[in-house]
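Residues 14 to 311 in the numbering used here are what the sequence shown lists, from first letter to last.
Since the hints were made in silico from the structure, they are not lab data. Glycine included, every Cβ here is placed at the ideal spot set by N, Cα and C. There may be inaccurate statements among the hints.
Listed next, the in silico DSBU-like pairs over lysine-lysine satisfying Cα-Cα at most 30 Å (straight line) [to be verified]:
no.	residue 1	residue 2
1	Lys191	Lys71
2	Lys100	Lys292
3	Lys28	Lys81
4	Lys260	Lys280
5	Lys28	Lys71
6	Lys28	Lys89
7	Lys89	Lys100
8	Lys166	Lys219
9	Lys142	Lys65
10	Lys124	Lys65
11	Lys58	Lys81
Ranges between beta-carbon positions, derived for each pair [what the hints assert, rightly or not]:
no.	residue 1	residue 2	range
12	Phe289	Asp198	47 to 55 Å
13	Leu223	Arg27	44 to 52 Å
14	Asp198	Asn128	46 to 54 Å
15	Lys58	Phe289	32 to 40 Å
16	Glu61	Lys124	43 to 51 Å
17	Ala72	Arg302	38 to 46 Å
18	Thr57	Leu239	40 to 48 Å
19	Glu233	Ile136	18 to 26 Å
20	Glu61	Ile83	21 to 29 Å
21	Glu35	Lys190	23 to 31 Å
22	Ile136	Ile75	26 to 34 Å
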Amino acid sequence: MDQQLQIFVTVAERKNFSRAAEELHMTQPAVSQYIQTFERAIGTKLLERSNKYVRLNKAGEIVYHHAKEILGLYAKMQRLIDDLMNKASGSLSIGASYTFGEYVLPHIIAKMHDNYPLINPTISIGNTKEIAELVLGHQLDVGIVEGEFKSTKLLFEPFAEDSMIVVASPNHRLASKKGWIRVPDLEKETWIVRENGSGTREATEKMFRLFEFAPKKIMEFGSTQLIKESVEAGLGISLLSHWAIRKELSLESLQKVEIKGLPFTRKFSIVTQTPFQTKALEVFLEQIRNAEVGKHPL
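Hey, can you work out the whole structure from these sequences and the hints?
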């Protein structure tokens with residue numbers, strides 16, 4: 014059954030029997046036969062087929078969601094059994110929110126690879142809500158998230174703090190202003206923010222509440238890099254992680270805006286779904302906890 018699930022998931026994700034067959038190193042008729050057998054076992058059609066596409070119907074969407082979870086649990090079970098006899102090795106699926114995943118995690122993975130070359134990590138980047146939900150669905154072994162995400166089914170372990178700073182282009186009027194910036198000045202500015210569900214957006218909303226103001230104009234972008242480029246171009250100002258802007262501050266392409274009460278800090282947490290851990294996951298968690306980022310804000 015696990016082979017049928019894997020074939021079904023691959024067809025659903027590739028939306029094409031030929032591409033799925035190529036990825037699975039099977040013939041297209043064999044893939045079609047597996048899908049037909051699987052649909053008979055389920056008791057209903059799961060895919061809509063035409064000459065141009067293959068896509069999930071309503072029943073297929075239900076089966077796909079649970080198939081991903083089952084395959085994730087099966088892989089985790091197999092790794093736990095393998096670990097009883099083997100040293101740290103094998104696949105490790107890591108999810109991280111944008112700030113940590115793009116600006117901190119690569120350095121930790123590089124160090125882990127030097128010491129444990131048999132561990133094969135895969136990294137998914139998403140906002141806090143997306144990563145937590147993938148861990149909950151057993152599609153990730155571990156997540157690194159920012160901000161708060163309440164769940165009774167997940168284990169959260171705060172491990173690091175990050176400073177949040179308002180930045181502007183060096184040519185922006187606020188960048189050259191002497192002394193503390195007043196709230197009315199902030200309210201008049203165009204604020205460039207991340208999307209809802211992002212930990213950075215949560216921190217920005219917290220700042221707005223802290224200073225009791227609502228910006229006249231907000232632009233919502235789905236990428237920290239895009240926000241940095243836009244701020245540098247003079248489009249507006251933004252609240253960003255110190256981790257994310259260290260390079261730009263050192264190159265003076267972005268400038269810190271001095272605001273009384275800032276920077277403030279936010280916590281990053283390790284999120285897992287089960288206390289049972291593979292040796293590969295144990296090694297990764299040890300690397301995270303012992304890294305300098307886990308001891309002091311950068």
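Structure-based check of all given hints:
A distance of roughly 60 Å separates the Cα atoms of Lys191 and Lys71; the hinted pair therefore is violated under the 30 Å criterion. Under the criterion of a C-alpha separation no larger than 30 Å, the hint pairing Lys100 with Lys292 is consistent with the structure, at around 7 Å. Between Lys28 and Lys81 the CA atoms are separated by roughly 16 Å; this keeps the pair inside 30 Å, and the hint holds. Of the pairs offered as hints, the one joining Lys260 and Lys280 holds, with about 22 Å between alpha carbons and a cut-off of 30 Å not exceeded.
Between the alpha carbons of Lys28 and Lys71 the distance comes to roughly 15 Å, so the proposed pair stays at or under 30 Å and holds. Simply put, Lys28 and Lys89 have alpha-carbon atoms about 26 Å apart, close enough for the 30 Å limit, and the pair holds. Pair hint Lys89 plus Lys100 holds up; C-alpha atoms about 16 Å apart against a cutoff of 30 Å. For the hint linking Lys166 to Lys219, the alpha-carbon distance of about 26 Å falls within 30 Å, and the restraint holds.
A C-alpha spacing of about 34 Å is found between Lys142 and Lys65, which places the hinted pair above 30 Å, so the restraint is violated. This hinted pair does not check out: Lys124 and Lys65 have alpha carbons roughly 45 Å apart, beyond 30 Å. Of the pairs offered as hints, the one joining Lys58 and Lys81 holds, with about 18 Å between alpha carbons and a cut-off of 30 Å not exceeded. At about 53 Å, the beta-carbon gap between Phe289 and Asp198 stays in the expected band of 47 to 55 Å.
Taking 44 to 52 Å as the suggested C-beta distance range, the pair Leu223 and Arg27 conforms, at roughly 47 Å. Our hint of 46 to 54 Å for Asp198 and Asn128 holds, since their Cβ atoms are close to 49 Å apart. Between Lys58 and Phe289 the CB atoms are about 37 Å apart, so this pair conforms to the stated range of 32 to 40 Å. Checked against the hint of 43 to 51 Å, the C-beta distance between Glu61 and Lys124 comes to roughly 47 Å, which is consistent with it.
Taken as a hint, the range 38 to 46 Å holds for the pair Ala72 and Arg302, whose Cβ atoms sit roughly 44 Å apart. A hinted range of 40 to 48 Å holds for the C-beta pair Thr57 and Leu239, which are about 43 Å apart. With their beta carbons about 25 Å apart, Glu233 and Ile136 fall inside the hinted range of 18 to 26 Å. Between Glu61 and Ile83 the CB atoms are about 23 Å apart, so this pair conforms to the stated range of 21 to 29 Å.
In this structure, Glu35 and Lys190 break the distance hint of 23 to 31 Å, their C-beta atoms being roughly 59 Å apart. Here the CB-CB span from Ile136 to Ile75 is close to 28 Å, well matched to the stated 26 to 34 Å.
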